[in-house]
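J.: This is what each chain is made of:
Protein chains: 2
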Amino acid sequence: MIEALQVMPGIGPVSATRIAYYLLDRKRTEGLLMTKAVDEALSNISLCPICRNYTDVENEPCQLCSNARRKEKHSICVVETPSDVMAIEASASYQGNYFVLHGHLSPLDGIGPHELGLEYLKDRLSQERIEEVIIATSHTVEGDVTASYIASMVKKFDIRVSRIATGVPLGGELGSVDGNTLALSLNYRRDM
Amino acid sequence: MIEALQVMPGIGPVSATRIAYYLLDRKRTEGLLMTKAVDEALSNISLCPICRNYTDVENEPCQLCSNARRKEKHSICVVETPSDVMAIEASASYQGNYFVLHGHLSPLDGIGPHELGLEYLKDRLSQERIEEVIIATSHTVEGDVTASYIASMVKKFDIRVSRIATGVPLGGELGSVDGNTLALSLNYRRDM
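Here the protein sequences come in this chain order: B and X.
Take the first sequence: its position 81, counted from the start at 1, is 81 in our numbering, and no numbers get skipped.
Take the second sequence: its position 34, counted from the start at 1, is 34 in our numbering, and no numbers get skipped.
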């Protein structure tokens, strides 16, 4: 049991031993409920065939993709991870559909367009009526490269492509923002 | 001495006592150098008559304002505090001139356009050849109000007015950005 627990990230021999004794001593029923929940999730959660976000096997396509109101927006927001979808949904600022890359282009690690499922995105661009693709990859070197690649792909379909704004976050003092972000926020200043 | 030290923010009776004994016991010469430096600064630093940033009495106008190359940019960046000037200078992304408000509009605290020295900014707009005013007030309610007020003032002179970009900072994951910033970054998305 101690060895098996170490499959989890951040759990080494010491934590694994502590967890094992804790569950055995005091939380046997809760431990069994936990294994059941993890078991079900690992066996039943797959990728939505449309947006490639995680979804139940029974819920295919996922809830967001089957929502007719979202389809009416005719827009796709491209993100790197399922947790990005959660963050955008939590901000309640976007009503369209998503596409989850599960990573970013990184040729050295063998991650190319195929690994990100970009052929599925291409299929959607040619088959659905999409009016805008909003790219929300992170502002890192890899995220920038991924954004450029997708942008040139989308432009071939004559569809508007945009990227979420880079700049100073709300509430912050200028001194608490890193210099590069500050430089970009001056660069991307908007007319008032 | 202990009572006098408490004029500094964050220094109560306990810290003041500790500082007093420390300086008396071990750092008498350093302490005297410190008082001399603070003394000089408090007596000699005034506001630059052009940008209202801090400057030596002997250096009027300040180094940034007397730099001819900066004047050639014909732009003024409006910030709330002198430390904002330092942050922007550290990012090496702006070569124009500044105007420091030393605060933001806050009518309830009695801070109006006059307290921010906006009549000096007005004078500059009418007398210098300014092509753009870049507003870099913070993204708070007061910062937004101040930005709008200055924007409408600048527009009367038929000068371009812009504000630094709001959005997701560089390198960050979407999940680590607050929801309102994320919402604005979607709103202010830029075409690629």
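For the record, the hints were derived by calculation from the structure and aren't laboratory data.
Hints should not be assumed to be uniformly reliable.
Identical chains blur together in the list; that is why a pair holds if it fits in one copy or across any two.
[Claimed, not checked] List of simulated lysine to any residue pairs, SDA-like, C-alpha gap at most 25 Å:
no., residue 1, residue 2
1, Lys156, Met1
2, Lys156, Ser83
3, Lys122, Ser46
4, Lys71, Met86
5, Lys156, Gly171
6, Lys155, Gly12
7, Lys27, Arg190
8, Lys27, Asp158
9, Lys155, Ile11
10, Lys155, Gly10
11, Lys156, Pro13
12, Lys156, Val38
13, Lys156, Arg189
14, Lys122, Arg190
15, Lys155, Asn187
16, Lys156, Asp123
17, Lys27, Ser46
18, Lys156, Ala87
J.: Which constraints among the numbered hints does this structure fail? Numbers only, ascending.
T.: 1, 2, 5, 6, 7, 8, 9, 10, 11, 12, 17, 18
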